[in-house]
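Peer 1: In the order they appear, the protein sequences are chains A and B.
Residue 367, in numbering that gives the first Met the number 0, is where the first sequence stops; the numbers in between run on with no holes.
Residue 634, in numbering that gives the first Met the number 0, is where the second sequence stops; the numbers in between run on with no holes.
Listed below are several chain B residues computed to face chain A (Cβ distance under 10 Å; list not exhaustive):
1) Pro89
2) Ser95
3) Val96
4) Gly98
5) Gln99
6) Leu100
7) Leu109
8) Ala110
9) Glu113
10) Ile119
11) Ala122
12) Gly124
13) Asp125
14) Arg151
Derived CB-CB ranges, DEER-like:
15) B/Asp150 x A/Arg147: 34 to 44 Å
16) B/Asp150 x A/Pro32: 27 to 37 Å
17) A/Ala313 x B/Val29: 25 to 35 Å
18) B/Asp150 x A/Asn340: 37 to 47 Å
19) A/Asn340 x B/Ala12: 54 to 64 Å
20) B/Glu66 x A/Ser328: 55 to 65 Å
21) B/Asp150 x A/Lys248: 38 to 48 Å
22) B/Ile196 x A/Asn340: 57 to 67 Å
23) B/Met178 x A/Ala223: 54 to 64 Å
24) B/Val190 x A/Asn340: 48 to 58 Å
25) A/Thr325 x B/Val190: 42 to 52 Å
What the hints contain is simulated information worked out from the structure, not anything from laboratory work.
These figures come from a predicted structure and were not determined experimentally.
Using N, Cα and C, we set each Cβ at its ideal position, and we do this for glycine too.
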Amino acid sequence: MRRPAWVLLIALLPAAACRPDRSKVRIGIAVEPGWYPAVRLAQAELQDLPIEWIADSTRNVQVAASALDYAEWLVAQRVALVVGHSGSRGSVAASTVYAPHGIVQVAPVATTRKLTSSGGRAFGLVPDDSVEGAYIVAFLDSALHARRVAILYHQDEFGIGIRDGVVGELNRRQIAVVDERYFTPEGATGPSVDVSVLLAAAMRSAPDVIVLGARIAETRDVAAYLRKHSLKIPVVCSDGSYVLPPDLKNRNLSDLEGFYIVRFWSPGRDSTATEFAEKFRRRFGYVPDQSEAFTYDAVKLVGAAVRAGARSPADFSRALGATGLTGSSYVGVGGTYRFINGRPREIRAEMAVVRGGALHSVSGTGPS
Amino acid sequence: MKLPLRIRFSIYALAGAGYLAGLIVTAAFVGLPALLRVDRSLAPLQSVFQAISARQRRVLDAVGSVEEILSTSGGSSARARPMLPLGERPASSLLSVYGQLLAPAAAKKLAIAEDELGAIESALGDVVARYELGDRKGAQAKLAEIRRAEDRSQHLYTEAMVLALNTGVAARRAFRQSMDTLAWSAAVWIVIGVLLIAAIGYDVNRHVWVPIRTLETRVRRTAAGEWTGPLHFPPGDELSALAAQFDALTEALRQRAGQHAHLATAGELLSGTAHELNNPLQAIRSMAELRVAADPESRDWTTVLAQVERASKLTRDLVQFVRPAAREVRRTSLNDVVKSAVELIEFQYRADGIGLELDLESVLPDVRVDAHEMAQVVVNLLGNAHAVLARTEGPKRVFVRTWTEGGLVHCRVRDTGPGISTEIRGRIFSPFFTTRQTGVGLGLTVSRNLVRGAGGDLVLDPADARGGASFTFSLPAAQAVAAVFNPVMNGQRVEASVDQSSPFHGMTILVVDDEDAIRGVLERYFRRDGATVVVAEGGNRAVEAIRREAIDVVLLDLRMPDLDGTEVYRIMRRERPELASRTIFLSGDATRVTEELDVPRNRVLVKPVELGELRRVVSDLAAGVRGQGPGTRDP
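All chains should be built: construct the whole structure from the sequences, respecting the hints.
Peer 2: As structure tokens, this is what we get:
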């Protein structure tokens, strides 16, 4: 070979070294910082796969404007699939960025039906809010015999979704909605709302059950008010109240004693869940909640698709859409996944009650 | 590539049609969808703005309602929330519905604004709750907080709308994309159009324009008499065929021009010869006439006079045929035309042993023609027959027949030659078609044109069992009128020549001729009738006599060695115009006088003129002189 060819080859070597590895598929992670232990746990089990993980755990992925920012960043990274976002509001906002680029979205715990009803390439690992609302009302009716229900919820996709699911089922069962109030959307910087004031006003309608479409902070505010005024009234919370901060102190639910909370996963649900919870606890020092469980499943589900040969957004969309249908089902720590219209048919809700600072099942798995 | 013009222009038309069709298809499949895409994108954008406005209005109305509630005197524990125009539930997120249609910056701004608005709506619930709980002060404070937030949210919404418009909403992207598509399409079509026009222009220039220009230039140069050789266009299209025809035509014209020049020279020679012959003939004739007048019983002089008459007619007809006068249409007997033509050519027939038989209908209506043109037609037909029979074995006869039928006067010339083959019968009248080595191929064409110009037609008769070629020309018969007195045809000549009156007594006649014999005869003839005769042997002497003598009538020869008769006449017109009008020309070439000097035909006598005719014309002028009185005769 003549000298110019050698020179050219040597000159191109650094460029080749800096070039992204085209053989690896890029997967974006867009979950709460507290959920990253679950991500890492799953990633550790997928090291043999040609996956390049794209993530920035310091960024907010739930508040709408921030979620949009982060989604654009991931699009710029040319990811084929994103695990996220954390909640309904962030997931729906980000989906407006991913959908035009054909990027597949796997949301671990987002319940809003808006995410998966548009026919795009989004998958949710838990049932949507219509299913959850119907399950809550079924519990109100059959277990608590409620006839006058007040509902408080967040003024965002998550809260409004729970509200619509619950009110729709209440109307169907002819159970009165005596009052409904809503809180500020999560992350909004506008005027604040005092949850206790809303609750006090709602209590004037003499409800016999309060339904909360809230997150853990507002749930705790309600509990504090009731405790302060020694009010004894059943409170039934959606799964949003079971999205717990990672620190051990805040994971203690003793202030919610007697509250009913819907959940889609529990450590003692079955041996797989128990095994995962124990593994998680051993590594990170605390028992995971459903957010971590479904985040873990989401990452592992994506890994399974990669192992099956998926590399492009279209591959992932086909592989996940076929899961449990034309393809084999995926069995995770949250259950067996078989997607219909982007939602799993096998994941069932469960009503739990807080006793002694921890959640205990009060019924079997409900309808999904 | 050489293609026929019709195919070439069809290709141009197809190319143009294809271009237009492509343009239409592009507009239909690119432009229209692009515009529809813009329309589809603009429609949701309008929905976004409407939804934002509606939501803002709803919140503002709710704030107003809350203010109204709080302004009422006395607190109320009644539920106030249903009084708010906020509806059963909060409005759905606009971001989830329209987020994909907005540019990222606008979407983020919309998300923040929606959160703000959601917070205000939620806070309104807080205010109402406080009011319901009787905490009016707390409600007022919260309302003030809402007011501040309301301004901020309104500002955020406005920013979102502006961003949606300015920083790339989907409509703008679609519009830009559409414009890009259209611009590219337009550019491509412009380039295609320019290339197409250039290609067609190049092709037209090369295969149509340049050949036409070349042909036009060549026609112009040929018309100017410049012969530059054949065009030699490559064969393949109509212009090449036209050029080939032009080359053939030019070659034929060139040959024709050569023959014309030859004929013109021959004509000039013939004209000169006739003139030279006319002078001795004039002397012989005049002498013979005087002898016959003196001795009417002299058969010898009568014979001389008859032969002179025959020779005179022959020279006159030859000159007229070679140098025809201006076209003169008049009633003529076709029989006379045939006879005059036969006289011109019969000596050739005799020389080659070809029989010429005339079968002329005795009572034939006149035709209105130029006799010379029709004579040319008959001579052409007879000449063709002669040419064929001269090189043919077997019987050599030509039959000329005239007859009338169906209001037409017909003349047929038929020969006993081999006839005209079927293959060439269709082309026999085509210009430059000839079967002879030396022929030009214009004889029949010209003949037919002459006959058609006279309102008739010349046709090749169908072949029949008798064989030979037969041509017939037919002319419409003229309306029957009384026969015009023709002194030549009706023997007026004799009567005029025996007129013995003396009308010239006291008159002075100037005889100008360079021939002594003619001068002498005319001098004696007019002196005998009492006239004073002044003679001049040339033009100069004539002018002197005109200036010196009181001349009444001038007999003026045309061709003279010193001063030409035309010059003498011009001098007379200038100096003695009244005498110019009494001048009689004696010449063998009457055409020249009438054409050059504009002299009436009745004052031009063609040599050899009979003395009776001359006497009659001079008598007419003499009568005019007497009527004018003596003053007119002074020089």
